[in-house]
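Novice: Okay, here's what each chain looks like letter by letter:
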Amino acid sequence: MTRAAAVGVLALAACTQRKINPEPVTIMRNGDRVADSDAKIAEARDRVAGQQASTQFSRDSIMAAAMTGCTPDVCAAVTRGEVTLGMNEAQLMAATRTTPAAWSVRRSGDAAVYTSALQDQSPRDAVAAVALVQVEDGRIASYAYNEPSGMRIVQKSGDASATARATATGNALVQQGDEAVAAGNANLALTRYDQASVLLPNDATVQYKIATLLDQQLRPIEALMRYKRFLHQMELERINAVGDAYAKQAEAIAHAKERIIVLEKH
Amino acid sequence: METSSLARLSARAALVALMAVGAACQPKQVNRIDPAAVTDLSGRWNDTDSRLVANELIKQSLDGAWVKRYSDAHGGAAPTVVVGDFANKTYEHIAVGTFVNDLERAFTNSGAVEVMVSGAARDAVRDERADQQTNANAGTRSRMANETGARYMLQGEIQAIEDSEGKEKVVFYQIDATMVDMESNAKVWIGQHKIKKYILRKRVGL
Chain A
1 MTRAAAVGVL ALAACTQRKI NPEPVTIMRN GDRVADSDAK IAEARDRVAG QQASTQFSRD
61 SIMAAAMTGC TPDVCAAVTR GEVTLGMNEA QLMAATRTTP AAWSVRRSGD AAVYTSALQD
121 QSPRDAVAAV ALVQVEDGRI ASYAYNEPSG MRIVQKSGDA SATARATATG NALVQQGDEA
181 VAAGNANLAL TRYDQASVLL PNDATVQYKI ATLLDQQLRP IEALMRYKRF LHQMELERIN
241 AVGDAYAKQA EAIAHAKERI IVLEKH
Chain B
1 METSSLARLS ARAALVALMA VGAACQPKQV NRIDPAAVTD LSGRWNDTDS RLVANELIKQ
61 SLDGAWVKRY SDAHGGAAPT VVVGDFANKT YEHIAVGTFV NDLERAFTNS GAVEVMVSGA
121 ARDAVRDERA DQQTNANAGT RSRMANETGA RYMLQGEIQA IEDSEGKEKV VFYQIDATMV
181 DMESNAKVWI GQHKIKKYIL RKRVGL
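Top to bottom, those sequences are chains A and B.
Quick note, the first sequence lines up with residues 1 to 266 if you use our numbering.
Quick note, the second sequence lines up with residues 1 to 206 if you use our numbering.
Derived by calculation from the structure, the hints in this document are not laboratory data.
The structure presented is a predicted model; accordingly, all values stated were derived computationally and were not measured.
Where hints are given, some of them may not hold.
[What the hints assert, rightly or not] Within a straight-line C-alpha distance of at most 25 Å, the following computed SDA-like cross-link-like pairs (lysine to any residue) qualify:
1) 59(B) with 197(B)
2) 169(B) with 26(A)
3) 194(B) with 115(A)
4) 68(B) with 59(A)
5) 68(B) with 39(A)
6) 202(B) with 232(A)
7) 68(B) with 127(A)
8) 194(B) with 29(A)
9) 59(B) with 10(B)
10) 68(B) with 169(B)
11) 187(B) with 166(A)
12) 40(A) with 36(B)
13) 59(B) with 169(B)
14) 196(B) with 32(A)
15) 40(A) with 187(B)
16) 40(A) with 34(B)
17) 59(B) with 46(A)
18) 59(B) with 32(A)
19) 257(A) with 232(A)
20) 169(B) with 29(A)
21) 40(A) with 100(B)
22) 156(A) with 76(A)
[To be verified] To spell it out: a stretch of chain A is covered by chain B in this simulated footprint if at least three of its residues, at any positions, have a beta carbon under 8 Å from a beta carbon of chain B; those stretches are:
23) 47-59
24) 97-109
[Stated by the list, open to error] Sample of chain A residues facing chain B (criterion: CB under 10 Å; computed from the structure):
25) 27
26) 36
27) 37
28) 62
29) 89
30) 124
Glycine included, every Cβ here is placed at the ideal spot set by N, Cα and C.
Chain A on its own, in the form it takes in the complex (with noise of 0.2 Å):
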């Protein structure tokens, strides 16, 4: 009878289902209270405040700083909010609206080269993103912004107008057009010289790239277009006589009046 019984009680015991047992951990039952979060809140007001308000001083000095004794056309470029050639450190936080927790900073003898302090929070200016600025005796000597088609150096104040900045963008177009030419993206290419020709509309080498390429993509109406585009482009240059160019593309421009002749039989 015994035996039976523990039997029992042993079969009852393997059929039991294991309980889930919450503790120790917080369990909130009906009625607890859910904590707000307005303490929160507010002690981030408190620090962010803080942080604002001794920023906010930190820039105030420097812009007035920066604004002292500068040059008419820094002036202007630093209430335009744009780095420009020449300008001391302080006008370069003052152009860039930033304070010296934003650069990294590394000095040697007259010279120092200012980096972002954080790699994803480049300082920017009016125009583009800051990415390194070459400071000698204590001017700016050159500057290069991170743009998306590349590394853009400004070392004269040529570089800095928005006709070498278009000039520089387009060359980067072409490369990259080129590029996609080797890794065989003809679309791609064709888009990219594409962008490139509104950048540098007096670059006869562009409007020869896009002929070939849409001459090879069975285009012709279009490829006679661009040859014929190219040449007079190569015509303007020899009148004008701009350097050697015409000698330069002389294979290029039998190639072009070649394929116009064979474009138009068609």
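Using the hints, position chain B against chain A.
Specialist: Chain B in isolation, oriented as in the chain A frame:
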């Protein structure tokens, strides 16, 4: 004998009728209770879960380094954020707007983050601004094309895992919020909160 059974039947009928009348006369009971009170009825997602998620995400986001990093690199300016999609990948209806709005409130009221209006609300603002160009006094018109572009987008998702047997059920919710740099696509902050519920349905007995 017949009389007594008839009397018993009448008494029972009267009792049932009395109970029915009593039940019908029971007034509806409505009480205002503390919104912070935990009130779990069905075990499904409820206001308590929403508050817990909001509190945790607020704490994590305001303590996160991404705000200070941005601020340091931009002369103390607060980062600008637009709220994107918060996907509910559970089988329940979950009103994500409650804790997302709590998060927006914390960002704005703390001054740590500038929140830009998004979605349908943004369209409404743009419609009103466009209307002002025709109908408002020139000196009071809000200018067109002068919105502040957000640098970051807040995105997120809620996922749930359920396990049940018999009267027992366990539900696990995971809420992930991500702040994405719109220029570089980098995730600059990830907030996460997990909720696990054990639900035991007791047999109803009289």
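Novice: All hints are to be evaluated individually against the structure, with a verdict given for each.
Specialist: Each hint tested on the structure:
Under the criterion of a C-alpha separation no larger than 25 Å, the hint pairing residue 59(B) with residue 197(B) is consistent with the structure, at around 22 Å. Restraint check for residue 169(B) and residue 26(A): satisfied, since their Cα atoms lie roughly 18 Å apart, inside the 25 Å limit. In summary, the hint linking residue 194(B) to residue 115(A) is not supported, as the alpha carbons are separated by about 40 Å, beyond the 25 Å threshold. Straight-line distance between C-alpha atoms of residue 68(B) and residue 59(A) comes to about 16 Å, which keeps the hinted pair within the 25 Å bound.
Between residue 68(B) and residue 39(A) the alpha-carbon distance is near 20 Å, which keeps this suggested pair within the 25 Å criterion. Restraint check for residue 202(B) and residue 232(A): not satisfied, since their Cα atoms lie roughly 90 Å apart, outside the 25 Å limit. A hinted pair counts as satisfied when its Cα atoms are at most 25 Å apart, and residue 68(B) with residue 127(A) qualifies at roughly 24 Å. Between the alpha carbons of residue 194(B) and residue 29(A) the distance comes to roughly 17 Å, so the proposed pair stays at or under 25 Å and holds.
Between residue 59(B) and residue 10(B), the direct Cα distance comes to roughly 67 Å. Violation of the 25 Å bound is thereby established for this hinted pair. For the hint pairing residue 68(B) with residue 169(B), the CA-to-CA distance comes to about 43 Å; that exceeds 25 Å, so the pair is violated. A C-alpha spacing of about 32 Å is found between residue 187(B) and residue 166(A), which places the hinted pair above 25 Å, so the restraint is violated. Restraint check for residue 40(A) and residue 36(B): the C-alpha separation of about 16 Å stays at or below 25 Å, so the hint holds.
With a CA separation close to 30 Å, the supplied pair residue 59(B) and residue 169(B) exceeds the 25 Å bound. Taking the CA atoms of residue 196(B) and residue 32(A), the gap is about 17 Å. The hint holds against a cut of 25 Å. The suggested pairing of residue 40(A) with residue 187(B) holds, with an alpha-carbon distance near 24 Å, which does not exceed 25 Å. Our distance criterion of 25 Å between C-alpha atoms is met by residue 40(A) and residue 34(B), whose separation comes to about 20 Å.
Between residue 59(B) and residue 46(A) the CA atoms are separated by roughly 15 Å; this keeps the pair inside 25 Å, and the hint holds. Between residue 59(B) and residue 32(A) the alpha-carbon distance is near 21 Å, which keeps this suggested pair within the 25 Å criterion. The straight-line distance between the Cα atoms of residue 257(A) and residue 232(A) is roughly 11 Å, inside the 25 Å bound, and the hint therefore holds. Proposed proximity of residue 169(B) and residue 29(A) is supported: the alpha carbons are some 16 Å apart, at most 25 Å.
Pair hint residue 40(A) plus residue 100(B) holds up; C-alpha atoms about 16 Å apart against a cutoff of 25 Å. For a cut-off of 25 Å, the pair hint linking residue 156(A) to residue 76(A) stands: about 18 Å separates their Cα positions. A count of 9 residues in the region 47-59 of chain A with a Cβ less than 8 Å from any Cβ of chain B is obtained; the coverage claim is therefore met, three being the minimum. Note: the region 97-109 of chain A has 5 residues with beta-carbon separation from chain B under 8 Å; the three-residue rule is met and the coverage holds.
Checking residue 27(A) against chain B: minimum C-beta separation of about 9 Å stays under 10 Å; hint holds. Hint status for residue 36(A): holds, given a least beta-carbon distance of 6 Å to chain B, under 10 Å. At a threshold of 10 Å, the smallest CB-CB gap from residue 37(A) to chain B is about 5 Å, leaving the interface hint in force. Interface restraint check: residue 62(A) against chain B, minimum CB-CB distance 9 Å, threshold 10 Å, status holds.
Annotation: residue 89(A) was flagged as interfacial toward chain B, and the flag is violated, the nearest CB pair being 15 Å apart, outside 10 Å. Interface hint status for residue 124(A): upheld, as the beta-carbon distance to the closest one in chain B is roughly 8 Å, under 10 Å.
Checked against the numbered hints listed earlier, the structure breaks hints 3, 6, 9, 10, 11, 13 and 29; every other hint is satisfied.
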